[in-house]
Amino acid sequence: MPEPTPVQWADIVQQLGAEIAEPLSAALEQIQNLASTGQIDRRGLRLLRRSVDDARTAGMLGQQLARLASGRLQLNRERQHLTQMLRSVLAQRSRETQARGVQVRQSLQPVEIWADGALLFALLNALMDWALTNTHSSVDLRLDLTPWPVKARLSCRFAHRSLELLADDAHHPAATPGLDSLAWRLLEQTAITLGVLPLREQEAGITLLTLEFNQLAPEEAPPPDSTHARLEAEAERMGGNSRPLAGCQLLILTAHRDMRNEAQAAVRHMGMLVDVVGSVAEAEQFCREGLPHVLLFDAALMNEPLLNLIAGISRDAPDFAFVEMFDGEHRTQLSTATSDGIARISRRHLTEALPSLLMFELSRRN
Numbered sequence: 011m012p013e014p015t016p017v018q019w020a021d022i023v024q025q026l027g028a029e030i031a032e033p034l035s036a037a038l039e040q041i042q043n044l045a046s047t048g049q050i051d052r053r054g055l056r057l058l059r060r061s062v063d064d065a066r067t068a069g070m071l072g073q074q075l076a077r078l079a080s081g082r083l084q085l086n087r088e089r090q091h092l093t094q095m096l097r098s099v100l101a102q103r104s105r106e107t108q109a110r111g112v113q114v115r116q117s118l119q120p121v122e123i124w125a126d127g128a129l130l131f132a133l134l135n136a137l138m139d140w141a142l143t144n145t146h147s148s149v150d151l152r153l154d155l156t157p158w159p160v161k162a163r164l165s166c167r168f169a170h171r172s173l174e175l176l177a178d179d180a181h182h183p184a185a186t187p188g189l190d191s192l193a194w195r196l197l198e199q200t201a202i203t204l205g206v207l208p209l210r211e212q213e214a215g216i217t218l219l220t221l222e223f224n225q226l227a228p229e230e231a232p233p234p235d236s237t238h239a240r241l242e243a244e245a246e247r248m249g250g251n252s253r254p255l256a257g258c259q260l261l262i263l264t265a266h267r268d269m270r271n272e273a274q275a276a277v278r279h280m281g282m283l284v285d286v287v288g289s290v291a292e293a294e295q296f297c298r299e300g301l302p303h304v305l306l307f308d309a310a311l312m313n314e315p316l317l318n319l320i321a322g323i324s325r326d327a328p329d330f331a332f333v334e335m336f337d338g339e340h341r342t343q344l345s346t347a348t349s350d351g352i353a354r355i356s357r358r359h360l361t362e363a364l365p366s367l368l369m370f371e372l373s374r375r376n
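All the letters of the sequence shown, read from the start, carry residue numbers 11 to 376 under my numbering.
By construction, these hints were calculated from the structure, which means they are not laboratory data. A few of these clues could be false.
Label-pair distances were calculated between CB atoms; the ranges are [to be verified]:
#1 Arg-325 x Arg-152: 40 to 46 Å
#2 Glu-213 x Arg-325: 37 to 43 Å
#3 Gln-84 x Asp-285: 27 to 33 Å
#4 Gly-48 x Leu-209: 49 to 55 Å
#5 Asp-326 x Gly-188: 37 to 43 Å
#6 Ser-148 x Arg-210: 16 to 22 Å
#7 Leu-209 x Thr-348: 41 to 47 Å
#8 Glu-213 x Ala-275: 47 to 53 Å
#9 Gln-295 x Gly-188: 23 to 29 Å
#10 Asn-313 x Arg-56: 16 to 22 Å
#11 Glu-32 x Ile-216: 23 to 29 Å
For glycine and all other residues, C-beta sits at the position ideal for the given N, C-alpha and C.
Using the sequences and the hints given, assemble the complete structure.
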């Protein structure tokens, strides 16, 4: 599969600049209005926040594209249950789809492939990011096998125009810049890096994207690596990639600034998108708008509301990663070694142990 040319990467960089500059210009306009009037209404505040969020999202997408363009990715191909991983992604994002009022309809055959787990997980999330942003209908996902040659085929179908306007599209085709946004660029380049062929079709306001996976896992394939070997593989990948979790979202829950700063410093080199909240109520609000990939929380805040939040997230996303931080001495524990499935770490071990702990916890999704 051909790699992007320097000219194509230059186009992507130009598009990145535009998608960052446009929302920042809108934010600057709101800030100037605030400076001149000394006040801002709810609508203006909402527009300001949306503009900043859009610019931040574009920056995050650019970060992930830069990782793909670096040529330093070390792919670790293992047997992956594509169907289970896709269902896990959909479960994790169920709150977001409900908040958007989007129905995701599934027809998924059981399929196993050979692929790098972290990159496959990133591809499925990129697919959902792009589809949810552009759909004006339900999102239909279908996973099946072609008869010959045998390939796994994941198709995603949705209306990129409002249903009442579809009849006009045949006579007056409308521009659809959202379909060619940075989110599409990331989806496309992630697929190419993974060796997956992305085929996109548009007709009469309907978009159909098909991802073809060639490397199916045969029944006689060897069993997955042991936990020890897997940890060694993750450590090797981490050492060869300076930003191994670029694009993954970490939510830190703590009321203590020092603990927050130490946790942020520990993962700064990993390329994660980090958000911080100071209370369980703020964490609940954050998760209602969309789940992060990991919740790192202060053990001092453990109470009934936090337990309810953990239980609610676990129902929506059974493979979600939770990590509890202790201010005092506590040995590092993986989620596989605890009765409640929550990983644990001492604050004093954040610098040396948190990155590898997060690598392991996120790899368990695969």
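Please list, smallest to largest, the hint numbers that this structure does not respect.
1, 5 and 10
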